[in-house]
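Asker: Now for the letters of each chain:
Protein chains: 4
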Amino acid sequence: MSEDVVKAMVSIASYVEKVSNEIDKESVTRFLKILTSALANKRKILVVGAGRSGLVGKAFAMRLMHLGFNVYVVGETITPSISEGDVLVAVSGSGSTQIVLSVASAAKRAKAQVVAVTSFAESPLAKISDHVVVVPGRTKVATETDYFARQVLGMYEPLAPLGTLFEDSVMIFFDGVIYALMNILGVGEEDMKKRHANVEFV
Amino acid sequence: MSEDVVKAMVSIASYVEKVSNEIDKESVTRFLKILTSALANKRKILVVGAGRSGLVGKAFAMRLMHLGFNVYVVGETITPSISEGDVLVAVSGSGSTQIVLSVASAAKRAKAQVVAVTSFAESPLAKISDHVVVVPGRTKVATETDYFARQVLGMYEPLAPLGTLFEDSVMIFFDGVIYALMNILGVGEEDMKKRHANVEFV
Amino acid sequence: MSEDVVKAMVSIASYVEKVSNEIDKESVTRFLKILTSALANKRKILVVGAGRSGLVGKAFAMRLMHLGFNVYVVGETITPSISEGDVLVAVSGSGSTQIVLSVASAAKRAKAQVVAVTSFAESPLAKISDHVVVVPGRTKVATETDYFARQVLGMYEPLAPLGTLFEDSVMIFFDGVIYALMNILGVGEEDMKKRHANVEFV
Amino acid sequence: MSEDVVKAMVSIASYVEKVSNEIDKESVTRFLKILTSALANKRKILVVGAGRSGLVGKAFAMRLMHLGFNVYVVGETITPSISEGDVLVAVSGSGSTQIVLSVASAAKRAKAQVVAVTSFAESPLAKISDHVVVVPGRTKVATETDYFARQVLGMYEPLAPLGTLFEDSVMIFFDGVIYALMNILGVGEEDMKKRHANVEFV
Numbered sequence: 001m002s003e004d005v006v007k008a009m010v011s012i013a014s015y016v017e018k019v020s021n022e023i024d025k026e027s028v029t030r031f032l033k034i035l036t037s038a039l040a041n042k043r044k045i046l047v048v049g050a051g052r053s054g055l056v057g058k059a060f061a062m063r064l065m066h067l068g069f070n071v072y073v074v075g076e077t078i079t080p081s082i083s084e085g086d087v088l089v090a091v092s093g094s095g096s097t098q099i100v101l102s103v104a105s106a107a108k109r110a111k112a113q114v115v116a117v118t119s120f121a122e123s124p125l126a127k128i129s130d131h132v133v134v135v136p137g138r139t140k141v142a143t144e145t146d147y148f149a150r151q152v153l154g155m156y157e158p159l160a161p162l163g164t165l166f167e168d169s170v171m172i173f174f175d176g177v178i179y180a181l182m183n184i185l186g187v188g189e190e191d192m193k194k195r196h197a198n199v200e201f202v
Numbered sequence: 001m002s003e004d005v006v007k008a009m010v011s012i013a014s015y016v017e018k019v020s021n022e023i024d025k026e027s028v029t030r031f032l033k034i035l036t037s038a039l040a041n042k043r044k045i046l047v048v049g050a051g052r053s054g055l056v057g058k059a060f061a062m063r064l065m066h067l068g069f070n071v072y073v074v075g076e077t078i079t080p081s082i083s084e085g086d087v088l089v090a091v092s093g094s095g096s097t098q099i100v101l102s103v104a105s106a107a108k109r110a111k112a113q114v115v116a117v118t119s120f121a122e123s124p125l126a127k128i129s130d131h132v133v134v135v136p137g138r139t140k141v142a143t144e145t146d147y148f149a150r151q152v153l154g155m156y157e158p159l160a161p162l163g164t165l166f167e168d169s170v171m172i173f174f175d176g177v178i179y180a181l182m183n184i185l186g187v188g189e190e191d192m193k194k195r196h197a198n199v200e201f202v
Numbered sequence: 001m002s003e004d005v006v007k008a009m010v011s012i013a014s015y016v017e018k019v020s021n022e023i024d025k026e027s028v029t030r031f032l033k034i035l036t037s038a039l040a041n042k043r044k045i046l047v048v049g050a051g052r053s054g055l056v057g058k059a060f061a062m063r064l065m066h067l068g069f070n071v072y073v074v075g076e077t078i079t080p081s082i083s084e085g086d087v088l089v090a091v092s093g094s095g096s097t098q099i100v101l102s103v104a105s106a107a108k109r110a111k112a113q114v115v116a117v118t119s120f121a122e123s124p125l126a127k128i129s130d131h132v133v134v135v136p137g138r139t140k141v142a143t144e145t146d147y148f149a150r151q152v153l154g155m156y157e158p159l160a161p162l163g164t165l166f167e168d169s170v171m172i173f174f175d176g177v178i179y180a181l182m183n184i185l186g187v188g189e190e191d192m193k194k195r196h197a198n199v200e201f202v
Numbered sequence: 001m002s003e004d005v006v007k008a009m010v011s012i013a014s015y016v017e018k019v020s021n022e023i024d025k026e027s028v029t030r031f032l033k034i035l036t037s038a039l040a041n042k043r044k045i046l047v048v049g050a051g052r053s054g055l056v057g058k059a060f061a062m063r064l065m066h067l068g069f070n071v072y073v074v075g076e077t078i079t080p081s082i083s084e085g086d087v088l089v090a091v092s093g094s095g096s097t098q099i100v101l102s103v104a105s106a107a108k109r110a111k112a113q114v115v116a117v118t119s120f121a122e123s124p125l126a127k128i129s130d131h132v133v134v135v136p137g138r139t140k141v142a143t144e145t146d147y148f149a150r151q152v153l154g155m156y157e158p159l160a161p162l163g164t165l166f167e168d169s170v171m172i173f174f175d176g177v178i179y180a181l182m183n184i185l186g187v188g189e190e191d192m193k194k195r196h197a198n199v200e201f202v
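Protein chains in written order, with the numbering used here: chain A, 1 to 202; chain B, 1 to 202; chain C, 1 to 202; chain D, 1 to 202.
Check before you lean on any hint, since a few could be wrong.
Where chain B lies over chain C, by a calculated footprint (3+ residues, C-beta under 8 Å) [what the hints assert, rightly or not]: (1) 49 to 62; (2) 67 to 80; (3) 164 to 178; (4) 190 to 198.
The following label-pair restraints were derived from C-beta to C-beta distances [claimed, not checked]: (5) A:121 <-> C:110: 22 to 32 Å; (6) C:109 <-> A:29: 38 to 48 Å; (7) A:188 <-> C:36: 52 to 62 Å.
Hints in this document: simulated from the structure, not taken from any laboratory.
Backbone N, C-alpha and C define an ideal beta-carbon position, used for all residues, glycine too.
Bound conformation, chain A alone:
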């Protein structure tokens, strides 16, 4: 039974590696600039996502906090209002998740900058966002490079159900962004440890 675990892990890892080369480099550079500019101008960054995309967003927010960013997760207790100049990072594979769209619209009304991280450049979320980073998920690949996905990488449906490939890719994409930010800001692991919760418990 354990071979299935290994097989799926290898498939997902290969997929993520492939994704790393497919993400548009200019869109990544602009994302980094939006983030560092928020830090420099002491603006807030709010992160939002539903379900597992929301968990991946939280993992990103935690690291941004370790780096000294003024970051919050929509839906948590002490998340303040968003205002002009603040940034909303909205994570949704389909770009159609109702609640994420509703938050992104509210952020737009408050004149905040909205960054969509999604698989679909033409999705409702992407359309109302100021900036879009396209991270391919299964459906995208299935449409565009059907043969490669299915035959070579073995991307049959059950291998990574629902949004798995998107969520895992975004998790690692965000960790790549953290690494790039560490270099840009000259922040080392020791600095991050100081901000790391010393009374954590979830």
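Knowing the structure of chain A, use the given hints to seat chains B, C and D on it.
Answerer: Only chains B, C and D this time, still in chain A's reference frame:
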């Protein structure tokens, strides 16, 4: 700047692929048996982890729910008591996180079965657990295969700070476990969609 | 300074006592019947609310779990889909909170029964709900019985800002509902303790 | 059935009113000074509690945020480390909740100031804390003023099971503290609305 993102993503993906072959296969098989046995015997599964390990545990719990498991996250509102025959899945890279140890001890007192997912087979968490799945994290690799990690894969410290490699590896390991469980249980993606939240909003 | 604390506590407590006599008794009886009927028919109950109303909803959900109900909080990790025959308890003082409305609409589409707990019988939430329990909040009182509220009970605005009176009243209303359910179901405190988390940690 | 709801609400409200006069005024004044001093010195305030006490702590933290405090909830995503001069507000009726004790100890090691809100002045939590606010809960009252509690107020066990009286009293105590802080700081409801989440959704 975007090259750093790509470089880190490729490094992490390579690392996860390597990890997939290093996890002890028998420990994975036994983990799968503990999970399917809990399902067959209508026992509860509780998942616990601090910080980003906790988020990865939640992502796993959500998929177990989609598969029909009776699963809960320690610390959430409607999580019931744990009793004899129930299973606690405790995620901690160091195996020394105080809060996770405290929950694991309480679960042992309640005669539940404790499964540790950790990088350290000799850690306090591993020692009090009934079953251990060792998922190597950076420190582990740095100790054991220093040259390979640092020179070949480029596992320099800042490339994936703090517990990043452990967390990303466990995220994808758990997704591999979900794939294996789908095969074992004969559950397809359509079945999972039916249980997927239709009123979700975090 | 401490006299202000005492003064506000007495005002809020007096307000809650007044509210207890203003809630429509038939609407409460029907709410109890919807809950016990969900238990008898093994249906799920989902609870939703934003901000502090959401926290009050969680406190209610936790006690329902202690009583043996099959209850979930919208937005938490293992909350499953809602279906025909299930119950959504939606808490919103204004009855206009966008996210709560959006969840209530989704629940209606899934043919679940929606119960609104709100200060406004004519609010959008109340209008799409199958059943409404009106718990008066400050604004309501200010409109209807301005003199009494302001002169006798001292309900000046700053004494309980924003939705405080609604939230505190609903917290205690829900605890009253729990007491009534304990009597109806013949469940004692000892039974509840058995379900109370023994590994809790938020 | 609805009379039970009314009866319990009246009992709880009467209890809270009684509590408001029993809380030691000097301990409240000192609590207010610790909070305003943290604000003046730009120190962080972290709030912690398990189960329903934790939810009440979150409701307090949300209002402190509305007032402009630099406040966090232990266990949420972006909660930073606690350091010398910071304040931990620890809520536990029994003063013996393992996880809360563990967090309070960690905060003491980091040289933060710990404030216990508990029913028991002699509890382990109270003993390691720098300051204690005693909010009587049922057990306390049952021990000290058995006749009054049981015969006059009708504080029979099932009327408010488990920690209900403590939790409801602390909820309203904290709201009294918020009112006092608004007066001390000269902050009005309009100022608070500006900080209130405009993209909230839990």
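Asker: Please go over all the hints and tell whether each is borne out by the structure.
Answerer: A quick look at each hint next to the structure:
| no. | hint | result |
| --- | --- | --- |
| 1 | 49 to 62 | holds (count 3) |
| 2 | 67 to 80 | holds (count 10) |
| 3 | 164 to 178 | violated (count 0) |
| 4 | 190 to 198 | holds (count 5) |
| 5 | A:121 <-> C:110: 22 to 32 Å | 30 Å, holds |
| 6 | C:109 <-> A:29: 38 to 48 Å | 41 Å, holds |
| 7 | A:188 <-> C:36: 52 to 62 Å | 59 Å, holds |
In summary, the one numbered hint that this structure violates is 3.
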